[in-house]
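The residues making up each chain are set out below.
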Amino acid sequence: MDAEFYKTLFDDGLISEESFNKLNQPQQHPDLSVHWEVRTLLYVGVVLLTGGLGLAVYENIDTIGHTAVLTLIGLIAAGCFIYCFRTTKPFSWDKVSAPNAYFDYILLLGSISLVSFIGYWQFQYHIFGTDYGLATLIPMLALFFTGYYFDHLGILSMAIANLAVWMGVSVTPKALLLQNDFDKGTLTNTYIVLAIVLLAAAFLTDRYRLKKHFKFSYQHYGVHAGYISLLAGYFHYYDGYLAAVYMLALFLLSALLYFDAMKNKSFYFLLLMTLYTYFAISCLVMRMLFLAATEGALYLAFFYFIGSALALIFLLIHFNKKLKTA
Amino acid sequence: MIAYNKTWLNNLRVLAVFKGNLEQGRITSEEFSSISAVYPVGFYTPGFFARFGLAVLTFVIVLFGDGLLSLMFWVSGAVGPSGWIVFLALLSYGSLELMIHTRHHFRSGVDDALLFLSAFQVIAGVAIFLYAGDENYLALSFIIFLVTLFLTIRFLDTLMAAVCVASLFSTIYLGVEKIGAIGLTVIPFVMIIASALVYLAVMHVKDDIALNNYQYCFVAAQVICLLTFYAAGNYYIVQTLSNELHGTTTPIALAPFFWAWTFLVPVLYLGFGIKRKDIVTLRISLLLIAAAALTFRTYYHILPVDIMLTLSGAIVLGLVYAITKYLKHPKHGFTLEAPNQANLMDDLKIESLVVAQTFGHTQTPQNDDAKFGGGKFGGGGASDGF
Numbered sequence: 094m095d096a097e098f099y100k101t102l103f104d105d106g107l108i109s110e111e112s113f114n115k116l117n118q119p120q121q122h123p124d125l126s127v128h129w130e131v132r133t134l135l136y137v138g139v140v141l142l143t144g145g146l147g148l149a150v151y152e153n154i155d156t157i158g159h160t161a162v163l164t165l166i167g168l169i170a171a172g173c174f175i176y177c178f179r180t181t182k183p184f185s186w187d188k189v190s191a192p193n194a195y196f197d198y199i200l201l202l203g204s205i206s207l208v209s210f211i212g213y214w215q216f217q218y219h220i221f222g223t224d225y226g227l228a229t230l231i232p233m234l235a236l237f238f239t240g241y242y243f244d245h246l247g248i249l250s251m252a253i254a255n256l257a258v259w260m261g262v263s264v265t266p267k268a269l270l271l272q273n274d275f276d277k278g279t280l281t282n283t284y285i286v287l288a289i290v291l292l293a294a295a296f297l298t299d300r301y302r303l304k305k306h307f308k309f310s311y312q313h314y315g316v317h318a319g320y321i322s323l324l325a326g327y328f329h330y331y332d333g334y335l336a337a338v339y340m341l342a343l344f345l346l347s348a349l350l351y352f353d354a355m356k357n358k359s360f361y362f363l364l365l366m367t368l369y370t371y372f373a374i375s376c377l378v379m380r381m382l383f384l385a386a387t388e389g390a391l392y393l394a395f396f397y398f399i400g401s402a403l404a405l406i407f408l409l410i411h412f413n414k415k416l417k418t419a
Numbered sequence: 004m005i006a007y008n009k010t011w012l013n014n015l016r017v018l019a020v021f022k023g024n025l026e027q028g029r030i031t032s033e034e035f036s037s038i039s040a041v042y043p044v045g046f047y048t049p050g051f052f053a054r055f056g057l058a059v060l061t062f063v064i065v066l067f068g069d070g071l072l073s074l075m076f077w078v079s080g081a082v083g084p085s086g087w088i089v090f091l092a093l094l095s096y097g098s099l100e101l102m103i104h105t106r107h108h109f110r111s112g113v114d115d116a117l118l119f120l121s122a123f124q125v126i127a128g129v130a131i132f133l134y135a136g137d138e139n140y141l142a143l144s145f146i147i148f149l150v151t152l153f154l155t156i157r158f159l160d161t162l163m164a165a166v167c168v169a170s171l172f173s174t175i176y177l178g179v180e181k182i183g184a185i186g187l188t189v190i191p192f193v194m195i196i197a198s199a200l201v202y203l204a205v206m207h208v209k210d211d212i213a214l215n216n217y218q219y220c221f222v223a224a225q226v227i228c229l230l231t232f233y234a235a236g237n238y239y240i241v242q243t244l245s246n247e248l249h250g251t252t253t254p255i256a257l258a259p260f261f262w263a264w265t266f267l268v269p270v271l272y273l274g275f276g277i278k279r280k281d282i283v284t285l286r287i288s289l290l291l292i293a294a295a296a297l298t299f300r301t302y303y304h305i306l307p308v309d310i311m312l313t314l315s316g317a318i319v320l321g322l323v324y325a326i327t328k329y330l331k332h333p334k335h336g337f338t339l340e341a342p343n344q345a346n347l348m349d350d351l352k353i354e355s356l357v358v359a360q361t362f363g364h365t366q367t368p369q370n371d372d373a374k375f376g377g378g379k380f381g382g383g384g385a386s387d388g389f
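So the sequences go chain by chain: A and B. When we follow the numbering used here, the leftmost residue of the first sequence carries the number 94, and every step to the right adds one. When we follow the numbering used here, the leftmost residue of the second sequence carries the number 4, and every step to the right adds one.
Simulated from the structure, these hints should not be mistaken for laboratory data. Using N, Cα and C, we set each Cβ at its ideal position, and we do this for glycine too.
Chain B residues, not near chain A, derived (Cβ > 10 Å throughout): (1) V82; (2) F123; (3) F132; (4) L149.
One-sided and incomplete, this derived list gives chain A residues near chain B with beta-carbon spacing under 8 Å: (5) S112; (6) L125; (7) L135; (8) L141; (9) L142; (10) G145; (11) L364; (12) T367; (13) L405.
Just chain A, with the same shape it has in the complex (with noise of 0.2 Å):
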């Protein structure tokens, strides 16, 4: 873009005398921006030093001692989260940026510090017994206290994580963790809870404006995770009249997310809802084409198919300028 090119612009009355003299100032450039490269190298450092220090430890554990090393551990999380209730700002249910550069990742630290201290002992010395789901609790609340206190989106996740941990844990316990066979119908139908916890959450820290911007991640998972264990729940159930329940859920579940992703303009959860819902029905079409096991119903197959992603285009392009235009 040259002068010549500003000059036209004012001369068809386009911009302002004041604009095309603040175009035509000598422009300064501006400063390339190294963030993500450094944030990069931050994180490739802390995974290579933690990565380090823990096969260290490994290796020497003979030498070292058990205590020696939960010790160190936990003087790392105690440091840590000093360090962080010290400089952190004063707690709100609005966003609450960052001090500095490094307070997210000394906290992240910290974090994994403590749930590796936990972990650790259970692991060790059996502080909870065999109370899986103690073990399992502490941590997360942890978590969870940690990400809404310092505003922490990566540790908000962790939690989330962690509850699903636990809620798996605390259903099946011993068969899980034992025999590695456990009963798969229970643990769907545990997911679909956590699913609904999830959504839950969203919904409420939407409409009570608590930490709003939280709003996503529980949105996130809690989608997945009910579509995936609804899914899952179908073909477990696969011949019995469960199935249909599990897929009337599934559709519920896709209308409701039509009408929040419309509320709040989000093109992602709307394509999520597209492509799972597209995906439970094409599996019932299936399921009815191959009743009938003839040629026929295979042709069939291939124009189902070529129809109906023809047609999810249209619809997809229609939500695109709904969302645009709305």
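Based on these hints, arrange chain B on the given structure of chain A.
Leaving out everything else, chain B in the frame of chain A:
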């Protein structure tokens, strides 16, 4: 030669410049909207997620459409497999042109998928044809070069541009290899010279006004050239290839030269990246420094793994600390501030997902069987190279 409407491409560039001006407060938003009225863009270009969804669906349609056609017509056996696949490629290509000309798709997912599919199908068809006789990689890579060159010129696609440059280099490599003993000795140097020449050529035409629709293609070409330039002299690669080609395991000649190359070129890139303020070269240099360290590690185990990891972690963290201190206030045209344009990374909250992926499962040792709902998505195709 370009399939897309050139006026609109130009208007798109004009608007991008004024969007920057708008963000920096040099023009008002009323002025911006009146400018966008004069420079209309009629392309259909949805957002990232819509693009992803449309691409997936286009793949489904082409897959089943081709399957159906094959089921109906090809089973008669009138054409061989290679001819049939090339025919399907022509169908994909026809639909691509049709979508662009009638529906004005531009980077909508539909045109991306169709472009990829037609390139893939043509190349697959030709490969089947060539492999029917003896395996002729030289001819194949030359044909890939021609096909992707045409598609790059016509559709301005960065992926095609990258494949085009890469296949040019592989054609040169396979050609030189055919010469015989002399060819085998000089391959690294031929590749170094070839990539340097292509790089210089790209740099020369990069800022040509007549070619400014190709700016992202040039970036892709630049990346491939920089990587090839380094790889051609990297000790590990030269050693491995020479063993394979000669069928021996003797150490290569000129080892000091290649070792020096392995370590100095990344540093050179780093210097150039900083001096020219070129983020692409800068990122590649960081990647290649890691590659150099790995190369060294492959041949010399002077330190046990744990100490090496800890040490390198400490060095990297020290470096980050130094950079942060140094750039506390923007200096020499570099800043630590996040770039202000709305970033896709922020949109998806990628960082928190990555954290959950890497550290999410480090808690109690017994949780490995139960990671059902935890972070399975992992950012999907979000790490596409642009």
